[in-house]
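Novice: Here are the chains, one letter per residue:
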Amino acid sequence: MELTDLNLQQLQEQLAQGSVSSVDATRAYLDRITATNDNYNTYITVCEAEALAMAEAADKRISAGDAAPLTGIPLAVKDIFNTEGVKTTAGSRILGDFVSPYDATAVARLKQQGAVLLGKLNMDEFAMGSSNENSAYGPAKNPWDTERVPGGSSGGSAACVAARQAVATLGTDTGGSIRQPASHCGVVGLKPTYGRVSRYGVIAYASSLDQVGPVARTVSDCALLLQGVAGYDTADSTSVDRPVEDYLADLQGGVKGMRIGLPQEYFIDGLDPEVQQAVEKAIETYRGLGAEIVPVNLPHTDYAVACYYLIATAEASSNLARYEGVRFGRRVDNGKGLIEMFCSSRAEGFGPEVKRRIMLGTYALSSGYYDAYYLKAQKVRTLIRQDFNNAFDQVDLLLTPVAPTPAFKLGEKVNDPLQMYLSDIFTIPLNLAGTCGMSVPCGLTGEKLPVGMQLIGKPFAEATLLRAAYAYEQAGEWQQLRPE
Amino acid sequence: MNSIFEPVIGLEVHVQLNTATKIFCGCSTAFGATPNSQTCPVCLGLPGALPVLNRQVVENAITAGLATNCQIAPRSIFARKNYFYPDLPKGYQISQYELPICEHGWLDIETDNGGKRIGITRIHMEEDAGKLLHAEESEGGSSLVDLNRACTPLLEIVSEPDMRSSDEAVAYLKKLHQIVVYLGITDGNMEEGSFRCDANVSVRPHGQEKFGTRAELKNINSFRFVKEAIEYEIDRQIELIEDGGKVVQETRLFNADTGITRSMRGKEEAHDYRYFPDPDLLPLNVDSDWIERVRGELPELPAAKRQRYQEQLGLSDYDAEVLAAERPMAEYFERCTALHDNPKACANWTMGEVQRGLNEQSISIGECPVTPELLTGLIARIDDNTISNKIAKQVFDQIWQTGKSADVIIEEQGLKQVTDTGAIEALVDEVIAANPAQVEQFRAGQEKVLGFFVGQVMKASKGKANPQMVNELLRNKLKG
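Residue numbers (this note's numbering), protein chains in the order written: chain A, 1 to 484; chain B, 1 to 480.
By construction, these hints were calculated from the structure, which means they are not laboratory data.
Do not take every clue at face value.
List of simulated lysine-lysine pairs, BS3-like, C-alpha gap at most 25 Å [what the hints assert, rightly or not]: (1) Lys464(B) to Lys404(B); (2) Lys81(B) to Lys376(A); (3) Lys379(A) to Lys458(A); (4) Lys81(B) to Lys379(A); (5) Lys464(B) to Lys336(A).
So these bits of chain A aren't anywhere near chain B, every CB distance computed over 10 Å [said to hold, decoys possible]: (6) Leu95; (7) Glu147; (8) Ile203; (9) Ser208; (10) Thr234; (11) Leu248; (12) Gln264; (13) Ala314; (14) Glu315; (15) Glu324; (16) Arg327; (17) Thr405.
C-beta atoms are modelled at their ideal positions from N, C-alpha and C, and glycine is treated no differently.
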């Protein structure tokens with residue numbers, strides 16, 4: 001067994017026992033990254049020297065008896081997190097040379113605990129995409145089949161965990177960007193409730209939807225990493241001042257008597273039969289574990305994608321205005337004046353999907369269209385949130401597929417944005433509602449591609465979510481799936 | 001005033017608040033520091049940085065709202081105003097749009113034509129932009145950006161189009177300036193840009209209800225320029241219409257050197273700011289407890305002081321206005337009246353000798369070496385007849401120079417007034433004996449010669465004799 005085979009909990013135990021050092025584990029991961037990154041293209045930046053220094057510091061801390069839960073654990077983060085002194089690109093050419101002067105709160109919390117940061121992970125440019133093909137640094141590949149996409153936008157974060165290039169990773173999820181790639185790569189990914197994890201220092205795509213979350217090999221690992229980053233942050237006005245539950249305390253509580261709802265609108269024609277089968281099997285497992293399965297309705301589901309692509313793009317059009325080459329990032333100045341400089345810097349710095357969304361969002365906010373698009377979308381958002389509230393009056397959890405299909409082929413949907421947008425049809429509504437959800441592996445297709453099911457919890461009920469996911473994981477045959 | 005056309009004027013005023021830190025981050029707001037030294041990821045607009053609202057700014061906005069008779073919104077929203085400019089690091093300004101913190105206020109102004117109430121549409125909070133410094137063409141013509149000012153807090157105070165002359169506009173602006181400075185929420189320095197004004201000006205035929213097309217005048221940073229710019233613009237618009245032209249909606253820049261306005265951008269080039277609620281900031285809730293606490297802490301404003309000075313302290317309208325005009329002066333005066341119950345004397349001395357001294361040395365009342373304690377110590381000695389008014393002025397000068405109390409100076413220099421009848425009588429007798437010619441004149445009916453005798457006696461007493469007693473004794477003796 002290799003060191004990189006140890007999951008977070010196992011490595012934690014070995015570090016505590018002294019049978020493994022953080023430096024050894026970190027070296028093993030750095031070696032594996034060197035050996036495999038050409039295949040998977042998961043890392044945009046590898047922080048070898050910094051990681052080893054952090055590992056040494058962690059070993060000292062462990063031997064001094066001062067270890068925190070994540071001390072010495074080699075982790076990696078999506079390249080959307082600001083990391084002091086390290087290049088932070090957001091998958092974009094426009095930030096190609098941007099070395100951040102500060103740490104995102106989530107990163108700072110990992111550092112405080114003595115975690116080791118191996119590097120920065122590939123992603124769709126500014127988190128806009130569902131396949132990682134919108135990265136300016138080339139797509140990350142799915143470790144199950146490198147001809148296929150890992151999903152997006154946190155494709156690097158999911159593929160990295162599946163390829164055992166880090167113990168666990170952080171991603172961000174605006175419309176499914178953690179859950180969909182986790183599903184495609186056969187790993188566990190959790191999108192916390194909006195406000196649970198600080199967004200400070202996370203490069204913004206759509207501020208009212210963005211949320212930081214963990215990607216890991218097991219449900220317990222996911223809980224451990226979430227525990228490490230969750231909590232109120234005075235630097236993020238939208239983070240919520242509410243105590244963080246102990247996500248591990250009740251993990252083994254089981255699902256007996258839990259009411260799990262199946263939203264009828266999520267089991268639709270066009271759902272891949274193998275995905276449907278895997279999810280239905282998971283439902284049976286839950287029934288077997290003593291959960292009560294109840295059909296529920298989320299009647300405004302059909303409007304979610306349209307609503308999302310107005311709100312998210314409107315916010316993005318404003319959030320991305322700061323990239324004009326004046327103070328940081330790429331500047332293209334041909335000496336023809338200020339406006340030319342703004343235009344050229346942005347024209348050359350942004351990729352086509354980012355431009356498409358900026359234009360969409362600019363249009364939606366424009367005078368004369370604001371009421372018809374942005375304002376109406378906000379009203380629809382309220383209805384979607386109410387759908388979830390109503391459903392949660394009847395049940396504790398919802399269970400759905402994560403994505404309509406397993407991982408698709410690279411290039412398959414790049415020329416069809418609408419088709420691409422529909423791959424997030426089951427994940428987007430949660431972001432609009434602001435509640436939490438996770439992707440848990442629940443099967444493999446005939447082509448050996450992973451399938452994930454989505455569990456959706458009430459706002460701030462991450463502990464319940466994790467408990468249900470853990471019960472399934474322990475009962476099922478899909479623990480720690482890994483590609484050959 | 002034009003007999004056919006009536007001007008319509010509304011003002012938008014930007015007040016820079018004097019909070020210690022910026023509106024959305026912890027950086028200092030101090031003026032004049034090394035460029036870009038007072039910055040952080042938030043005010044630099046770095047990727048991923050987020051704003052956190054400074055509660056003191058909200059408090060100051062509530063204060064301004066209450067002092068201008070506004071309603072304070074229990075819930076208000078921050079919005080993004082989107083436009084590109086190099087001094088605007090995020091590509092948008094965080095402001096308030098649909099739901100500002102204050103609305104529906106008013107101020108009463110006075111001009112030569114009497115009193116008038118000017119409506120205040122709204123007051124909202126926003127962040128300032130940075131500053132651009134342009135190098136000369138010869139130095140490459142490049143521009144430098146200083147973001148120290150970026151994210152400093154501003155209040156934008158928007159009036160109703162209620163003013164009908166440049167005089168009214170200036171009166172409103174002065175009144176508003178006086179109030180915000182009084183409240184202590186801004187230094188009000190117009191040259192440093194702490195109090196900036198844009199004016200919306202249009203004209204319409206007298207009696208017409210519908211407003212004419214307006215021009216927005218920018219860059220008018222003194223009371224005088226406001227008057228000049230508005231008058232120029234009124235004349236320009238009237239001439240234009242009289243010549244058969246039409247006023248177009250546009251933004252015009254005032255040039256203080258030439259006194260004229262010129263077009264900056266037309267309606268077609270007007271920005272579409274694409275305002276929308278800032279998703280990084282929660283709606284701002286202000287509960288009634290907060291509002292009532294701020295109301296309880298509001299200082300007495302100039303109009304109320306002026307009234308109180310007249311009604312309770314018996315000052316003249318003029319004195320009351322002068323003393324109430326600026327808060328430090330009013331506080332000095334009120335401290336005096338608290339220490340010594342003679343408001344009229346306190347007022348006279350404050351407006352007289354104290355003000356003269358301040359003017360001569362170009363210092364503020366806060367720096368005045370004669371504190372209210374020292375001044376009232378002096379007035380008390382006049383009131384109890386220890387010294388005369390004339391001697392008191394000498395003593396005042398010595399207090400100013402030495403910081404010693406009136407009592408110490410009077411004692412040290414033996415300036416105590418002579419009230420002993422016998423002593424004064426002796427001096428009077430001497431003077432009468434020494435000036436027989438003048439005695440004759442007096443007795444012949446030239447009463448004004450009395451002044452000469454008083455002067456002589458006072459001189460002989462080195463100014464210490466009680467002038468009233470000298471007068472009486474002289475009269476009695478001269479009449480013989």
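Novice: Would you assess whether Ser208(A), listed as outside the interface, keeps its beta-carbon beyond 10 Å of every beta-carbon in chain B?
Specialist: 4 Å, violated
Novice: Can we confirm that no CB of chain B comes within 10 Å of the CB of Glu324(A)?
Specialist: 6 Å, violated
Novice: May I ask you to check that Arg327(A) keeps its beta-carbon over 10 Å from the closest beta-carbon of chain B?
Specialist: For Arg327(A), whose nearest Cβ neighbour in chain B is about 6 Å away, the distance does not exceed 10 Å, so it is violated.
Novice: Verify the proposed pairing of Lys81(B) with Lys379(A), using a straight-line Cα cut of 25 Å.
Specialist: Satisfied, since the Cα-Cα distance of roughly 22 Å is no more than 25 Å.
Novice: Is Lys464(B) close enough to Lys336(A), meaning Cα to Cα at most 25 Å?
Specialist: Not OK: Lys464(B) and Lys336(A) at ~83 Å, beyond 25 Å, violated.
Novice: Regarding the assertion that Glu315(A) does not contact chain B, is the least Cβ-Cβ distance greater than 10 Å?
Specialist: 6 Å, violated
Novice: Test the statement that Leu95(A) is away from the interface with chain B: the closest C-beta pair must be farther apart than 10 Å.
Specialist: 7 Å, violated
Novice: Does Ile203(A) sit more than 10 Å from chain B, CB to CB?
Specialist: 4 Å, violated
Novice: Per the stated criterion, does the least C-beta distance between Leu248(A) and chain B lie above 10 Å, as a non-interface residue requires?
Specialist: About 29 Å separates Leu248(A) from the closest Cβ of chain B, which puts it past 10 Å; holds.
Novice: The output says Thr405(A) does not contact chain B. Does that hold with a beta carbon cutoff of 10 Å?
Specialist: Label holds. Min Cβ-Cβ 31 Å, cutoff 10 Å.
Novice: For Thr234(A), which was marked as not at the interface, is the minimum beta-carbon distance to chain B over 10 Å?
Specialist: Check fails; 7 Å does not lie beyond 10 Å.
Novice: Taking the shortest Cβ-to-Cβ distance between Ala314(A) and chain B, state whether it exceeds 10 Å.
Specialist: About 6 Å separates Ala314(A) from the closest Cβ of chain B, which leaves it inside 10 Å; violated.
Comparing the model with each numbered hint stated earlier shows that hints 5, 6, 8, 9, 10, 13, 14, 15 and 16 do not hold.
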